[in-house]
Amino acid sequence: MRRPPALRAGDRIALIAPGSPFDRTVFDRGLDELRALGFTPVFEPSVFERRKYVAGPAEGRANAFASAWADPSIAGVLAVRGGYGSAQVLPWLDAEQLRAGCKVLLGCSDVTALLSYVTTRCGLVGFHGPMLVHLAAGDAGYDRASLLGQLTGAHPYGELAADGLEVLKR
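In terms of this note's numbering, the sequence shown has 125 at position 135, counting the first letter as 1, and numbering is strictly consecutive.
Don't read these hints as lab results, they were simulated from the structure.
Think of the CB as a built atom: it goes at the ideal place given N, C-alpha and C, for glycine as much as any other residue.
A few of these clues could be false.
[As the list claims (entries may be wrong)] Here are the in silico distance ranges between beta carbons for each label pair:
(1) Val157 - Asp61: 35 to 45 Å
(2) Gly28 - Asp153: 29 to 39 Å
(3) His145 - Arg40: 36 to 46 Å
(4) Val32 - Arg160: 34 to 44 Å
(5) Ala(-4) - Gly113: 15 to 25 Å
(6) Leu158 - Gly128: 36 to 46 Å
(7) Thr15 - Ser57: 20 to 30 Å
(8) Ala(-4) - Asp61: 15 to 25 Å
(9) Pro81 - Asp129: 34 to 44 Å
(10) Glu49 - Gly139: 30 to 40 Å
Generate the whole structure from the sequences, applying the supplied hints.
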């Protein structure tokens, strides 16, 4: 399992919309928050596409993700939001191409399909955490210290455990 390099201030973070479309006002607030965290958000115009309940055709959404992943100037990829259509991009992805890159992929909810894909098919670490719509809500949407610790720390964030849980197999 390969873990991507830790993010640093100024790193370029590509924003993708693998599932549902989103509100532009929320998007803009999320951009401001991402900048306040010290990162440089970048996105293709296709991120604003809408086709009924999804953010454009599945192949286009997959291509936007693959393009961001292949771009050496991009340090991480952040989903704007989840949505039912996130799993629709999987058949269009090339595991070999994705395996060649190693960068942060951050998302949750339906974006778990993409996170699982890069983990199981590509052997890369995926980061289950807030999306841009959560960042847009500021303190109410996510924990800044936790997110920055996860993404900018030189070492793995650590094992998450809760009282009363038992490991069944190691």
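**Request:** Kindly indicate which numbered hints from before are broken by the structure, ordering the numbers from low to high.
**Result:** Every hint satisfied by this model.
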